[in-house]
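Work out the full structure: start from the sequences and follow the hints.
Chains as they are written, first to last, in full-length UniProt numbering: chain X, 1 to 77; chain A, 1 to 117.
A portion of the hints provided could be inaccurate.
[Claimed, not checked] Taking lysine-lysine pairs in the DSS-like style, the calculated list, with each CA pair at most 30 Å apart, reads:
| id | chain 1 | residue 1 | chain 2 | residue 2 |
| --- | --- | --- | --- | --- |
| 1 | X | Lys32 | X | Lys59 |
| 2 | X | Lys75 | A | Lys38 |
| 3 | A | Lys68 | X | Lys51 |
| 4 | X | Lys60 | A | Lys19 |
| 5 | A | Lys19 | X | Lys75 |
| 6 | A | Lys36 | X | Lys63 |
[What the hints assert, rightly or not] Coverage of chain X stretches by chain A, computed from C-beta distances (three or more under 8 Å per stretch; other residues unrestricted):
| id | region |
| --- | --- |
| 7 | 4-12 |
| 8 | 22-28 |
[As the list claims (entries may be wrong)] Sample of chain A residues with no beta-carbon within 12 Å of chain X, all distances over it, derived:
| id | residue |
| --- | --- |
| 9 | Thr43 |
| 10 | Lys69 |
| 11 | Ile94 |
Simulated from the structure, these hints should not be mistaken for lab results.
The structure presented is a predicted model; accordingly, all values stated were derived computationally and were not measured.
For every residue, glycine included, the Cβ atom is placed at its ideal position computed from N, Cα and C.
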Amino acid sequence: MVYVNSWEEFSKSVESLYFSDPMKFRFITKLKANNGLYLKVSNNQLCYQYKTEYAQDVKKAEKLISQLMRHMASKEA
Amino acid sequence: MVLLDNEQFLTELTKFYQKAKTSGTVVVTMKRYDGKTKPTPRTEKKNPPQPAEPQEYKCLMRANMGSKKISTVVSPKDVNKFQLAYSNLIRGNIELKKKEKKADKTKNDKKNSKANQ
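Set out below in structure tokens:
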């Protein structure tokens, strides 16, 4: 499994993947006890993952999730 | 998979995250949802696509921890409220290390847990 190392790169990849086909896109947030937070996006063809152990990334993740959620529950892409 | 309403989902998810502080894994999946539960047939020529209905996209949230699975559907009119609540939930319940420095606080934690026992 390949992890994206920088947050900037990850969030850009996430956006482009979402807008390429919003219906096929999924966002997975996995929290493992004492083992960090794993973010994964996929559209069954491409997949990007990001892994963190630090609180500073939780805030970034939360913002990204919020944005995506608003896109998903709106009329346009 | 249990379909809950938005508030129940958030309550249950909070419980999952609380449990995951000691052990376990919580997986949350977020996906766009258009209300279809069946795949579109491949033979489009035989089944001409239905005239496009005015579509309303929703957001499907699924969460599971071990064998427990829950889900909810967020409609556009509720998305503001849900998104705020969900953001707070994440901020309040996902606790990771604060700094990248190699601070070793585990020793103190061990002492405390022994004292509690």
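Violating hint indices (sorted, rising): 5, 7, 11
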